[in-house]
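Q: Listed here are the chains, written in short residue letters.
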Amino acid sequence: MNEHIKQDKEINRITKATLGSDLDDLDYFKDINYVEPKIKNEPHKKKHFKFSRFQMIASFMISLLLLSSVFAVLISNGSVSATKFKIEQQIVNIKNQFTGANLEFETKVEGDSIVVEIKTLDEIDKAADFFPELFIAKNIPDRYRLESLSITKNIDGTFNALYIFMTEAQQLLTINQISVSTDSSVSFVNISKEIETDKGTIYISENPFGDGANSSSYLTDAFIINVSGMISLEEMLPMLAD
Amino acid sequence: MKNENHLSQLFAENCNIYGKELQRFIFTLTRKDQFAMEEIFQNTMVEGLAGLMKLREEEKMKSWLFSIAKAEARRYYQKYQKMSNMETSGMDGEWDKAMSKDEFHDFTKALANSEMLGTLLRELSDEEQQIYLLYYYYDLPLKEISAVLQINYNTLRSVHVRTLKKLKRIITERGGFYE
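Top to bottom, those sequences are chains A and B. Each residue of the first sequence is one higher than the one before, starting from 1 at the first, in our numbering. Each residue of the second sequence is one higher than the one before, starting from 1001 at the first, in our numbering.
Accuracy of the hints is not assured; some may be wrong.
As the list claims (entries may be wrong) - In the DSS-like style, the derived pairs of lysine-lysine whose C-alpha atoms are separated by at most 27 Å in a straight line are: (1) B:1165 <-> A:6; (2) A:9 <-> B:1166; (3) B:1020 <-> B:1062.
As the list claims (entries may be wrong) - Simulated restraints on C-beta separations: (4) A:195 <-> B:1005: 24 to 32 Å; (5) A:34 <-> B:1119: 19 to 27 Å; (6) A:24 <-> B:1147: 27 to 35 Å; (7) B:1060 <-> A:233: 37 to 45 Å.
Hints are computed from structural coordinates only; laboratory data are not their basis. Nothing here was measured: the structure is a model prediction, and the numbers come from that model. Every residue, glycine too, gets a C-beta built ideally from N, C-alpha and C.
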């Protein structure tokens, strides 16, 4: 490194160490008058809600119609999947503005993703509408109850789904479905057993952490489905059965 | 909506914790212009609150606020072009050679003493102090300072070099001062 750059870095380090976090002693700041930030910290306000319900619905339908038309154009273009995804996100935002809170089913935009979350298996059809290839959890041991199912749709069109189940004693069981592409490389470790099925291979790892929990990874052409929790292999395999 | 109230609460807390620090940073950027500082600070608050849901990592809220402040300062100076009057006289050329080991030893020894550093900074002009603090304390590269304050980059480099030379000269003139 150039000597004067080294020296520059050292000056930088020493200056910060010497001045610390409080610069008020420096003459430079002797005339500063601190002001209070004018922050309006109010709970989330839904704007434009002076409409009548009819106007709200009409406005919502028009928005959807307009966006749908845009969709048709964009989809036919074929090279704008990111834009299409952004529009999907806008639709979610619009819907969220016009629909009341549902504690059992929620759709939201998070960064570059759309996330659907359900809290009860009664809403599983809605989740499957969002993600048609969703792995439907079944044969779950009775002692486990669903905490949540979160499905994330990513900007590249892939999905991840995570079921979290829990027992009264706070023991966890998770099922995680992850999109894989044909050019992905997947490695499994600590495999004690492999089972071939019509759709792929189940890799079983028995008690990998020595705590009595078992895990398995079901690799198909399109997904990996990881199951992990305090369950026996006899309980686990029926969960992955077609 | 997700975390909105939580984020708003966190935002208010961060503004209370880092409000002064942020104002000092803006005060440095504006070279002691109280009026500009207040305007940029309040604009930073407004923009921060408006863009709160875009913040992905809440632990980075402080640096995020500082970035907004930089952007607001830049907008402010684009609008008012106030800082274009930076002196260009006395350009000393590039800091083309590093200090010798002994010179640098004395130099850093002086900087490591908070009282001395305060004294040294007082010897600098407002403009030189501004560049010194932005560059060495707030880690703003000269190019970024140039972009934010709408100042010619070469002018800034000259001020930077002149500042270091001035500090070095003062330290040399007062040899042994820092023992």
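Q: Looking back at the numbered hints, which does the structure fail to meet, lowest number first?
A: 4
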